[in-house]
Every structure is written in C-alpha cells, then in structure tokens.
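Position one of the sequence shown corresponds to residue 203 (this note's numbering), numbered consecutively onward.
Do not take every clue at face value.
As the list claims (entries may be wrong) - Below are the SDA-like pairs computed for lysine to any residue, each with C-alpha atoms no more than 25 angstroms apart in a straight line: (1) Lys212 <-> Gly253; (2) Lys212 <-> Arg236; (3) Lys216 <-> Arg249; (4) Lys212 <-> Ala233.
Hints in this document: simulated from the structure, not taken from any laboratory.
It should be emphasised that the depicted structure is a prediction, and the values quoted were computed from it without experimental measurement.
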Amino acid sequence: MERGARVKFKPGSKAQANWRIGDGLAGLVLARYRAPQPGLPERVDVRFGSGITVWGERASEFIELTFEKAQ
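Using the sequences and the hints given, assemble the complete structure.
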C-alpha cells in the first residue's frame, strides 16, 4: 500500500466502527510508516471524502482498491 493509493476498510473492521466511517467509503493514503519499536504493525494515515482523516490506523485494517490510483 503506497502513498496515493485508494483504500477502504475491510468488511466488519472494528477500526471502521471506531472511526465512524460508512461502509464502502474510499479514502486516499496520505502516509505509510512503521513505529520505531520492532514488531509493531505498519500504520497509515487516510483521508476520506467525507472530510474525516484517519491517523495512524493499522494498514491491515484496509483493502487497497487496485483499479483506482491517485497521482
């Protein structure tokens, strides 16, 4: 998952419920990174069209929409 990728939450994601993002709503990856401590999961920042930005969520909570890619 790279910066600029279009993503959505995986179906049934608890993170989606926590952030109150609607089903199927796509977002744009702003950044991808790992915390400095070994063994912690990769994180992403994602901006959704609704105006909500999800900061530091686990990348594993998202599905990349491969048919769409922002430039």
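Hint check:
no., hint, result
1, Lys212 <-> Gly253, "holds, 19 angstroms"
2, Lys212 <-> Arg236, "holds, 20 angstroms"
3, Lys216 <-> Arg249, "holds, 18 angstroms"
4, Lys212 <-> Ala233, "holds, 19 angstroms"
Consistency note: the structure conflicts with none of the earlier hints.
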